[in-house]
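Given the coordinates of chain P, work out where chain S should sit on it, guided by the hints.
Number of protein chains: 2
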Amino acid sequence: MIIAGIIAEYNPFHNGHLYQLNRLRETLHPDLVVVVMSGDFLQRGEPALVSKWTRTKMALQSGIDLIVELPFVYAVGKADTFARGAVALLDQLGVTHLFFSSECGQIEPFQNTLSLIQGHQDIYSMQLAHAMSQGLSYPNAHAAAYRFIAKNDPRELVDLAQPNNSLGFHYLKAIEQRNSAMIPLTMKRYETEHNDRTFEKDASVASASSIRRHLLEGAALQAIKNKIPHATCTALKNAQETYGYASWERFFPFLKYKLLSMNTDRLSEIYEIEEGIEFRLLACIRSAHSFHDFITSVKTKRYTWARLQRLAVHILTDTLKSEAKPLALNQEPDSIRLLGMNRDGQAYLALIRKKMEIPILSKIRNHRSKMLEQDIKAAQIYDYLVALGHTSHPFTETGHPPVRYDAHQKSFLGDSD
Amino acid sequence: MIIAGIIAEYNPFHNGHLYQLNRLRETLHPDLVVVVMSGDFLQRGEPALVSKWTRTKMALQSGIDLIVELPFVYAVGKADTFARGAVALLDQLGVTHLFFSSECGQIEPFQNTLSLIQGHQDIYSMQLAHAMSQGLSYPNAHAAAYRFIAKNDPRELVDLAQPNNSLGFHYLKAIEQRNSAMIPLTMKRYETEHNDRTFEKDASVASASSIRRHLLEGAALQAIKNKIPHATCTALKNAQETYGYASWERFFPFLKYKLLSMNTDRLSEIYEIEEGIEFRLLACIRSAHSFHDFITSVKTKRYTWARLQRLAVHILTDTLKSEAKPLALNQEPDSIRLLGMNRDGQAYLALIRKKMEIPILSKIRNHRSKMLEQDIKAAQIYDYLVALGHTSHPFTETGHPPVRYDAHQKSFLGDSD
Numbered sequence: 321m322i323i324a325g326i327i328a329e330y331n332p333f334h335n336g337h338l339y340q341l342n343r344l345r346e347t348l349h350p351d352l353v354v355v356v357m358s359g360d361f362l363q364r365g366e367p368a369l370v371s372k373w374t375r376t377k378m379a380l381q382s383g384i385d386l387i388v389e390l391p392f393v394y395a396v397g398k399a400d401t402f403a404r405g406a407v408a409l410l411d412q413l414g415v416t417h418l419f420f421s422s423e424c425g426q427i428e429p430f431q432n433t434l435s436l437i438q439g440h441q442d443i444y445s446m447q448l449a450h451a452m453s454q455g456l457s458y459p460n461a462h463a464a465a466y467r468f469i470a471k472n473d474p475r476e477l478v479d480l481a482q483p484n485n486s487l488g489f490h491y492l493k494a495i496e497q498r499n500s501a502m503i504p505l506t507m508k509r510y511e512t513e514h515n516d517r518t519f520e521k522d523a524s525v526a527s528a529s530s531i532r533r534h535l536l537e538g539a540a541l542q543a544i545k546n547k548i549p550h551a552t553c554t555a556l557k558n559a560q561e562t563y564g565y566a567s568w569e570r571f572f573p574f575l576k577y578k579l580l581s582m583n584t585d586r587l588s589e590i591y592e593i594e595e596g597i598e599f600r601l602l603a604c605i606r607s608a609h610s611f612h613d614f615i616t617s618v619k620t621k622r623y624t625w626a627r628l629q630r631l632a633v634h635i636l637t638d639t640l641k642s643e644a645k646p647l648a649l650n651q652e653p654d655s656i657r658l659l660g661m662n663r664d665g666q667a668y669l670a671l672i673r674k675k676m677e678i679p680i681l682s683k684i685r686n687h688r689s690k691m692l693e694q695d696i697k698a699a700q701i702y703d704y705l706v707a708l709g710h711t712s713h714p715f716t717e718t719g720h721p722p723v724r725y726d727a728h729q730k731s732f733l734g735d736s737d
Numbered sequence: 321m322i323i324a325g326i327i328a329e330y331n332p333f334h335n336g337h338l339y340q341l342n343r344l345r346e347t348l349h350p351d352l353v354v355v356v357m358s359g360d361f362l363q364r365g366e367p368a369l370v371s372k373w374t375r376t377k378m379a380l381q382s383g384i385d386l387i388v389e390l391p392f393v394y395a396v397g398k399a400d401t402f403a404r405g406a407v408a409l410l411d412q413l414g415v416t417h418l419f420f421s422s423e424c425g426q427i428e429p430f431q432n433t434l435s436l437i438q439g440h441q442d443i444y445s446m447q448l449a450h451a452m453s454q455g456l457s458y459p460n461a462h463a464a465a466y467r468f469i470a471k472n473d474p475r476e477l478v479d480l481a482q483p484n485n486s487l488g489f490h491y492l493k494a495i496e497q498r499n500s501a502m503i504p505l506t507m508k509r510y511e512t513e514h515n516d517r518t519f520e521k522d523a524s525v526a527s528a529s530s531i532r533r534h535l536l537e538g539a540a541l542q543a544i545k546n547k548i549p550h551a552t553c554t555a556l557k558n559a560q561e562t563y564g565y566a567s568w569e570r571f572f573p574f575l576k577y578k579l580l581s582m583n584t585d586r587l588s589e590i591y592e593i594e595e596g597i598e599f600r601l602l603a604c605i606r607s608a609h610s611f612h613d614f615i616t617s618v619k620t621k622r623y624t625w626a627r628l629q630r631l632a633v634h635i636l637t638d639t640l641k642s643e644a645k646p647l648a649l650n651q652e653p654d655s656i657r658l659l660g661m662n663r664d665g666q667a668y669l670a671l672i673r674k675k676m677e678i679p680i681l682s683k684i685r686n687h688r689s690k691m692l693e694q695d696i697k698a699a700q701i702y703d704y705l706v707a708l709g710h711t712s713h714p715f716t717e718t719g720h721p722p723v724r725y726d727a728h729q730k731s732f733l734g735d736s737d
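Sequence lines, in order, name chains P and S. Quick note: the first sequence, position 257, residue 577 per the working numbering, numbers continuous. Quick note: the second sequence, position 160, residue 480 per the working numbering, numbers continuous.
Pulled out of the complex, with its shape left as it was, chain P reads as follows (with noise of 0.2 Å):
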């Protein structure tokens, strides 16, 4: 069997995801297409747009066959803990094939970096501390230490500056670590010519920050419906009509009042809080009247705008060093979280799910561990947050079942409709 994985954050989904997928098809023929999703937070440090929920049934209705949630203590880490877990999570539901798509698009490329890397751990390692004693950010310093060892290398290298290049780098460094058999394909870009800003107004393609800063300024959804597939445009609407979109903007008051009632030496108790960063945070914290605003008066070219963004999910939840770093460092993740499938997603799982090292949930009323309590705290803020002021919420986080779709009816199962 051929079984595809992707990971995702579905932010949502549109036309570029769905060309992705599509492409996958034709060329791989996969039995099944699975799905790892970051839940409610994501990896730049955001509170996603639409909750999980909504972002799960958009991509079933758009083709995906099975959707699990990357726990929120790798889908809020730097790129590396992130693709740790995404490629644990995908190699336990044995996938077969990892497909990402990448600004370079070739595979080998990845493949020479992935040696060339491990060939000259040393030299790489004393570059990059030496980078970062000058003040670099971690990204940067990072790239500057690659271009030391990939200087004289004759093979064809991947630029590991381009965001997802450097990603699917952490995808195959992942695979390798676990000697996983899992066999890792890329395609290009759809939009690698333009930047991230670019929108053009007729193209059938625009990349994720974009459609979000046109939803997040207030467009109609009309200036954004030929990007997006009809399900996502409706889902869209709904969530909009709800409860509108979230944003660090909307939750900002709450992490300006969790920042008054921390001294530094509790915010230092907060995840990835390091070098001091926390006296810069409550020094700018009180006289800033936005999340733009503050982190505009707390960046430092030490700290690249997402990792700051990432501290400032991890205050919001309230992320403690002594719970995430035991389990970003050196934990599998201990279970799988299903979030939604259609009927070939169901009928895998029931074939592979004897087989299984860890238990799949459906829900999560009977089973808790440290990383479920993290997500479900992220989600339960989430929610919180994004419903205040409105009805409130018909379910729970940890009463809701995953989402069950018909691809056939084109319908919604069960009591997740």
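Just to be clear, a hint being listed does not mean it is correct.
Said to hold, decoys possible - For lysine-lysine, the following DSS-like pairs were computed, each having C-alpha atoms within a straight-line distance of at most 25 Å:
| hint | chain 1 | residue 1 | chain 2 | residue 2 |
| --- | --- | --- | --- | --- |
| 1 | P | Lys641 | S | Lys521 |
| 2 | S | Lys557 | S | Lys521 |
| 3 | S | Lys619 | S | Lys645 |
| 4 | P | Lys641 | S | Lys697 |
| 5 | S | Lys641 | P | Lys697 |
| 6 | P | Lys508 | P | Lys557 |
Please keep in mind that the hints were generated in silico from the structure rather than gathered at the bench.
Just chain S, lined up with the frame of chain P:
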């Protein structure tokens, strides 16, 4: 010199307080009246209707000469802690007579009660422990133990089940414990025949709680105008038009968010979280739609409403056991935060300043202690939550100068105006 001291919350300053002040001036002819007043959070575990700065202005306009702040750790403490902090501050300030209202109205029964309990400390403690093991709240257990030792005493005693009698008793106890020469005096509380819920339309006096209830339920100021001094009326009107009154219901979304972000381990680090109440708090918060809902669902006979509200304040302000407990149990106030004064108050301060054992702080930019940190934090949270959605505050808590009032010109001076 006769320096009279009053311990107050002035939430808000009303005709009953004015009556108390006038009686004090008529009977004692003090050279100065000093008030130690709680900050933005009060002994019953509630945010004050209007900020400490506004309440300071009310009090100065009604004839108080000097007002200092009772630090948060005492102000939001049980009667014992509250009294200990307040008496220590008045003592430091050279107060010769402590004047308080009580349901009893005579000082001798207080002295009899204090000597009775001190003479039967062992039996009293045993009875107290016994009653609490039966699941009674502390005040009820205390009343039961007291009834037990009081039953054969021929002297006139005070009914400690009455809230103002109980506070008065703790004032006398604190005076005795610190071997202070301060003389306690009491007068009968104005509305002693009525209970706190009573609010008579035409009466010139009503309790602060009934006045607050009217205001928070949206009654026009007109309805309470005959029960408060003109200065209070003006100050309330301004506050209401600027930010509205503070209340637990307005702050509730932040309390709920805070609880949703905590697990039981983290919650048990909060000051006064004991006996497993953390499980109950987390079990009840998810479905609570209002603060009143929440406390109602948590309430058992072991906990008084005030105790649960104080817990809620400690959660909202992230007041930790590790920080607050040592301060509340063992430590004296380590500085005196000046809130306001008229010329008499200022002259008196100049006189005593050099003899003081602890610094008197006009601004707190350059002086920090654990105790002050909590005061600043509580004020910052209060100010932020009250002003949320409005234009920002013109000043920061740490830079706020004391209010200076010219009693002859009936006007405020300098930058506090």
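Task: Structure-inconsistent hints, enumerated in ascending order - done: Numbers 1, 6 - these are the hints that the structure violates, sorted from lowest upward.
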